[in-house]
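K.L.:
All chains should be modelled from the sequences, with the hints used to inform the complete structure.
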Amino acid sequence: MFLRKTLPMMLCFCCGVFAMFGFFAAEGTKLNIYYENFAKWLMIIATFAMLLGIGNLLRVNTLKILKNHPDKIYCAMLLAGALITAGFGILQGIDKGVCMYIFNYILTPLQKTMFSLLAFFVASAAFRAFRAKSFESTVLLITAFIVMLGRVPIGTSIWPGFASISEWILSTVNMAGSRAITLGAAVGATAAALKIILGIETKYLGGE
Amino acid sequence: MEIIFKFLKNIDRRIIFLIIAIAVIVTLKAPMYLPLSVSKNANGFLGLLDAVQEGDPVIVSFDYAASGEPELKPMAQAILYRLFERKARVFMMAFWDQGPGLADNTLNGKGQDEGIIKKFERNNPGRKLEYGKDYINLGYKVGASNVIIAMNKSVMDIFSKDNTGKPIEEFPIMKGVEKLKDFKRVFALTGGNNGLLDIWLPFARQQYQVPVCGGCTSVSAPQFYQYMQSKQLDGLLDGFKTAAELLKAIEYTDPATGKKGDLLSKDIHRIADVQSVVHIIIIIFILIANATYFYEKKYGRANNQ
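Chains D and F, in that order, are what the protein sequence lines are. Numbers 1 to 208, taken from our numbering, label the letters of the first sequence in order. Numbers 1 to 305, taken from our numbering, label the letters of the second sequence in order.
Wrong hints could be hidden among the right ones.
Taking lysine-lysine pairs in the BS3-like style, the calculated list, with each CA pair at most 27 Å apart, reads [as the list claims (entries may be wrong)]:
1) 128(F) to 259(F)
2) 248(F) to 112(D)
3) 30(D) to 181(F)
4) 118(F) to 153(F)
5) 128(F) to 112(D)
6) 118(F) to 87(F)
7) 118(F) to 96(D)
8) 87(F) to 119(F)
9) 166(F) to 96(D)
10) 30(D) to 153(F)
These are calculated hints, taken from the structure and not from any lab test.
P.N.:
And the structure:
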């Protein structure tokens, strides 16, 4: 019980309080110096977390292949991709050779293709869902038209006003809403963090 | 009339995909080269680049993956070119694992793209850019905000080696650069989380008062404007259009012909055209969808009665 729950909670409390005060401590003070050293520890932990992630990825996918899972072909592809890239990266270096070839001529085109597909899906989704059913949705529709035209050269060629109205919408109307959401989320995140630091929220320990 | 509206209402999505594909291909093959005017954002950003003095150490952070490259690479090209013109000391780094590779591609080119170094040296015959003196690629670091905090203690502790594995203290670019505060400015190009918004702004800008500006993809731009208004973010390239405008604003004189030109290449101008055409098609589809909706609302009800 002590090792599984109490000790992690104590560590979480100490680290949380230390990081919180360290952030606001004046530069050059002892607390601030310890805080900056603490950041280095966290980087080391993050590196090991990455290794843990890679290990877990290999384990989960190997098990799926061994258990003859329906997706085993994808698992094998993933494992082959990961091991070949990592293998050549370790042997030849990450900035040259096969590793760089894989990056330049396989990964980069694949990722760009995936992102480019957005244009097709956005067009289809907008056609299916964007209807002026109410006053609010009509306002949304008109705003979307102005912003869409204001953010491409053809919009300013049709009417230069589109760019300035679009800019005003984004930097004034959108900003007000965006800031409200950001502030709300930040307050929520602070409350959630405090609950974890004070031991009120213990789900991260794997309990109820 | 009813048949037409019925057809338009139930249009297959594969037809939409096909129309988009045809429009993209036709525009790429026969571009219009629509005029681009330099916006306030692009002009402001150019001002920030021009404020960098000779020898100033600056960070250019490549916090994006290949998926964001079409929008963010033109920004990186414009920023690096102008910084080299200003004779700044450019430190490239990344919080995304693909960042260092994309930084190398921007500098040295790949395939038909000649890279920014070659372009710069061609336009400035008297200057030869030197790795480790004019620029350096520090590579990728895991640890997000902790990297910034630790960098303020010692840059060399965190980045002991560059992206090629050489100790960074060997390079003359490191002279006078010990901690994060020694950098005059950060240019962060971000493709999502782990970048400008959640690392550079709250830590480099807010905690250590290092001026920060940057670029993002169009789709994520709305969340950045609030930081522009509060002046925490000095400048923002909010998507491909502003990047193209910045490239257009950076002019040079061709040493061979003596003619004036700008960094906006025909390839990038073509992509701006494609973006325009796709936006127009999406708007047309939305209008069609709404026309069918209102037709059905008016006549569908009448038919039912």
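K.L.:
Determine for every hint whether it applies to the structure shown.
P.N.:
Hints and how they fare:
no.: 1; hint: 128(F) to 259(F); in the structure: holds (22 Å)
no.: 2; hint: 248(F) to 112(D); in the structure: holds (24 Å)
no.: 3; hint: 30(D) to 181(F); in the structure: holds (19 Å)
no.: 4; hint: 118(F) to 153(F); in the structure: violated (36 Å)
no.: 5; hint: 128(F) to 112(D); in the structure: violated (32 Å)
no.: 6; hint: 118(F) to 87(F); in the structure: holds (16 Å)
no.: 7; hint: 118(F) to 96(D); in the structure: holds (20 Å)
no.: 8; hint: 87(F) to 119(F); in the structure: holds (15 Å)
no.: 9; hint: 166(F) to 96(D); in the structure: holds (15 Å)
no.: 10; hint: 30(D) to 153(F); in the structure: holds (13 Å)
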